[in-house]
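Colleague: Can you build the whole structure from these sequences, using the hints too?
Each residue of the sequence shown is one higher than the one before, counting from 126 in the working numbering.
Just so you know, not all the hints are guaranteed correct.
Pairwise CB distance ranges, derived in the manner of DEER restraints [unchecked claim]:
#: 1; residue 1: 146; residue 2: 222; range: 19 to 27 Å
#: 2; residue 1: 271; residue 2: 129; range: 23 to 31 Å
#: 3; residue 1: 251; residue 2: 218; range: 21 to 29 Å
#: 4; residue 1: 129; residue 2: 252; range: 32 to 40 Å
#: 5; residue 1: 146; residue 2: 226; range: 20 to 28 Å
#: 6; residue 1: 186; residue 2: 159; range: 30 to 38 Å
The list that follows gives simulated cross-link-like pairs (lysine to aspartate or glutamate, EDC-like), each with its CA atoms no further than 16 Å apart [to be verified]:
#: 7; residue 1: 178; residue 2: 236
#: 8; residue 1: 166; residue 2: 237
#: 9; residue 1: 166; residue 2: 130
#: 10; residue 1: 166; residue 2: 223
#: 11; residue 1: 153; residue 2: 208
Treat the hints as calculated values from the structure; they're not laboratory data. None of these values were measured; they are calculated from a predicted model. We put the CB at the ideal spot given by N, CA and C, even for glycine.
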Amino acid sequence: MSIPEMTALMLKIPDYRDYRTTSEAAAKEREYRHALGLMLKDCGEYLLSIAEKKSQFLSSEMESMIDGLVDRIGVIFRRLDREGLVCLVGDHDTTIGELEGLDVRLIILIEEALTLVHRLETGVPASSWFKTEAAILSQDLAAFSEVTEERNYLLGLGWESEFTPR
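Modeller: Quick look at the structure:
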C-alpha cells in the first residue's frame, strides 16, 4: 500500500465524537466504508487479473483458492454495506475507544492483505504463494470480516438492523 493510499484511507477514519445525528453518522460511515471497500476491491481485482493472466499455470486447486479469497472479499462487502440507523451502543466513551481500536486493526489488516496479494506476481513462484501467503491472506480476510461485523454491532448495525424500519 502506498503512502498516499494509506494517508487517504486514514483521513476517512471517522471521528466518532462527531456522530451527533444519525444522518451525519451515516454519511461519515458511508465514506469510510467506501474507502475500505475500494481497497478490498483492488485486492479482489488483482487476484482475478492474476487468475486470468496465469490461467495456464494455475492448477484447479489454485483457481479454487483464488475463488475462495474473492468470495471472502464479497462477504466483507456485504458487511460493509450494512444499512440501518447508525448509533453508538452502550457507553459512548467506551464504544468510541473500541471503535478506534478496531479501525487500527482494519488498517493493519488491509495493508497486509494488499501486500500479500501483490506478492503473487513479484517474483514469488505461484505454488509457493499458494502454500503460504494465500493461507495468511485467507486468515486476514476472515479477521477483517469479523472486525467489520464487530464495528457494525458497536454502531447499532448488527444483522438485525437489516430488518428494522428506518
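Colleague: Could you tell me which of the hints above the structure violates, numbers in ascending order?
Modeller: Hints 3, 7, 10 contradicted; others consistent.
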